[in-house]
Amino acid sequence: MLQTNKLKMHQRLIEMINLLKNRYLIILPIVFVILIAQIEKYEQLTTSGTFGAAIRLAIPICLAGLGGMFSERTGVVNIGLEGMMIMGTWFGAWGAYSFGPWYGVLAGIIGGALFGLIHAIATVSFQVDHIVSGVAINILAAGVARFLNVIAYSDVQNSATQSPRIDGDVGDFALPYLSGGFETPNLFLKLQEYGIPFISDFAGLFLGATSKISYISLFTLSLIPVAAWVLWSTSFGLQMRSVGELPTGSESLGVNVYLMKYIGVVISGGFAGLAGAYLVLESSGIYREGQTAGRGFIGLASMIFGNYRPFGIFMGSGLFGFADALQLRSEDAIHGLLILLSLTLLVIAIKQLIERKLRNASFSIVLSVSFMIWFVISESVPSEFVYFTPHLTTLIVLSSASQKLRMPKKLGLPYKKGEVN
Amino acid sequence: MKLSLRLASLLAPIFALFVAFGLSITILYLIGEDPFETFTLMYDYGKTGKSIVSILNRSVPLYISAVAVAVGFKMGLFNIGVESQYLLGALLSAALGAAVALPSALHISLIIFVAVLSSATWAGIAGYLKVKKGVHEVISTIMLNYIGTGIIAYLLANIFFEKVELSTTAPQTNLLSESARIPSLNKIFGIEDLPNLHGFLIGAFIIGFIYYWIVWKTSLGFDLRATGSSPMAAKFSGANPARLTILAMMISGGFAGLVGMAPLTGYFFKYTTDFPSGLGFAGIAVALLGRNHPIGMAFGAILLSFLERSAQILDLYGVPKEIEKIMQAVIIFTVVISYEVVSRYVTNKQIKDASKVDRND
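Each protein sequence line maps, in turn, to chains W and H.
Straight run, no breaks: the first sequence in the numbering used here ends on number 707.
Straight run, no breaks: the second sequence in the numbering used here ends on number 438.
Careful, some of the hints might be misleading.
Unchecked claim - Now the in silico label distances, taken between C-beta atoms and shown as ranges:
| # | chain 1 | residue 1 | chain 2 | residue 2 | range |
| --- | --- | --- | --- | --- | --- |
| 1 | W | K702 | H | W293 | 25 to 35 Å |
| 2 | H | R83 | W | K702 | 18 to 28 Å |
| 3 | W | A438 | H | L87 | 49 to 59 Å |
| 4 | W | T534 | H | Y231 | 50 to 60 Å |
| 5 | W | T534 | H | F266 | 55 to 65 Å |
| 6 | W | L532 | H | A247 | 54 to 64 Å |
As the list claims (entries may be wrong) - Over 10 Å on every C-beta distance to chain H, these chain W residues come out as not near it, computed from the model:
| # | residue |
| --- | --- |
| 7 | I320 |
| 8 | S384 |
| 9 | I437 |
| 10 | L586 |
| 11 | G598 |
| 12 | E641 |
| 13 | I659 |
Don't read these hints as lab results, they were simulated from the structure.
Backbone N, C-alpha and C define an ideal beta-carbon position, used for all residues, glycine too.
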């Protein structure tokens, strides 16, 4: 009895070490971030404000990523997500301005879905190259939004690039007892105020995550398991995925390939549209040209990072949302990230040394040292650099993750009924 | 290809233009404007001498940008990053060009060389990431656009510009000296009474020719096109896809570096925060319109410039000039679709014709 228990313990230990070994590039940076946040100057890294902002900023990216997943699972590359998101922002603002916030949400979804439909017509029915069509969608969306903006508000204002301010929002709530929702005690806030290392940091995370949750965020978060369930546990999801893997095979089994692709791309547009409406209703309260700022593309990146899976996309968008939040909230904290980069590179260098990849290792060490020098000799990172933190994060993350991913087999390839390809 | 099929593929853009016109007319009707009056206004304004000079000046960088995008397209690469590539090249060459004193020809060559080199390097990053790290070039070039914008803003404000206390001058590089400026063509064409027709127009012709030569007349170009239409076949024929990808990205970036040269040496003479931007994205549209063909893209660039210029008059008559943005977008979309439809038709027809011959044998 004792023997088996010991054996089990031993096994557990090995499992944990293996987990550390495989996931050290995710776990170590998190530990580093928490350590760095103990320094007063960088405490913004882990406050509830930062995490709250991170989650708020992650929602549109997550929605775009989920949208991208539905489209790409059926084999249609969707670079047009950005354009569909632009439509979401414009229609969201217009709907909210004319009828009320919830109508804005609905209008945003419809606007995005409409452009998804255009993308589907071009790529599925006419077999236009997916990326060409996506790029054209983005151009079209920018033009349409600008034009509509002039037409729709011509009697209240004179601007091609902005809508009038929108009053009201869709409302938010906090969890009771844990974060003080519905006038109950606020446990996490208390824990955070005590300032205990690690525990307070995590309390900050949970407080940020569970207070002031907008209903759209709640909806988005609930969409993640729903999306996973639809794709992997329903026959509809199976048909959808099969179309992206082997359309000829699905066709022979009676799946309507075109219809599945249409559904996938239109859902994708609807999600991107909702993401746009969220941007307008939750973060700016106004439609502004260019306010999507590449978030559709970052969503696409989070989808690739998440390996075309809902929970992966959620993790990916969380990461990008965090980078975005830091960028907006605290330039000081970004300075702290320099040590994070330096330390992480050092870890990579050590691993490369163990694997005897001397050239790579020396390159990593040089980079690591230069980041450290930059950190020591400067007080802060120039604001121009702070602005592209999320985009740089996207690049770094993708270059370390892309090779281990598996995309749908027939992604981006045209499919025509009755043709063998 | 048979003559009838050639004609059929010429029909695609014409058909697309008709559709786009039809849609624009519908939209104008819907918002309560008279479409024909609107088009007459645009046409009349667009054909004045002043407008034609402006349209040509606008077309030049647009055309070069399209060429940059097209080099990538030919190999199946999507260089969405022309935007930051040309801006970075323009900034660095403007800063260096203002710092040296050289005889004219040498001075201009140096500026162009620096621009091409820096833009090509910046584009090369995306090529490298695709080959070594498997990051799709669409994502990486878009992210590099944002990163590039940040770096440019930083360099411009802190490195190339001496801030004077209490002064409100926007950050800018020093002016280029006379020797680095390309003269206008007005004297040659005898149109001294019109605004300047910038000398880089000739550069655009040369660039178009170089593009044609590289892509269709060199073995490198052959490999590029082969990889673009059938990566597997190209690989078996001995092309090295990794090397080609990086090279194609760098050539594309090199052309991108030339985009900023027209405004820089023609009329801006310095890099400021309001240096013409957006040309990189517009270039994608032109490349799609012109189907990556050196002459087709010239037409595309002129068409878009014409729309943009002639729409300026509309605001005076109370028609929203943003209708032009819709027309542009609709033209691009319909062109893309009709090309696809026609090229499918042509391919099918060719296959059918070929099989007929076989049966007769």
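Hints, one by one, checked against the model:
no. : hint                          : in the structure
1   : K702/W <-> W293/H: 25 to 35 Å : holds, 29 Å
2   : R83/H <-> K702/W: 18 to 28 Å  : holds, 24 Å
3   : A438/W <-> L87/H: 49 to 59 Å  : violated, 39 Å
4   : T534/W <-> Y231/H: 50 to 60 Å : holds, 52 Å
5   : T534/W <-> F266/H: 55 to 65 Å : holds, 59 Å
6   : L532/W <-> A247/H: 54 to 64 Å : holds, 57 Å
7   : I320                          : holds, 27 Å
8   : S384                          : holds, 17 Å
9   : I437                          : violated, 6 Å
10  : L586                          : violated, 6 Å
11  : G598                          : holds, 16 Å
12  : E641                          : holds, 17 Å
13  : I659                          : holds, 18 Å
Of the hints listed earlier, those the structure fails to meet are numbers 3, 9, 10, in rising order.
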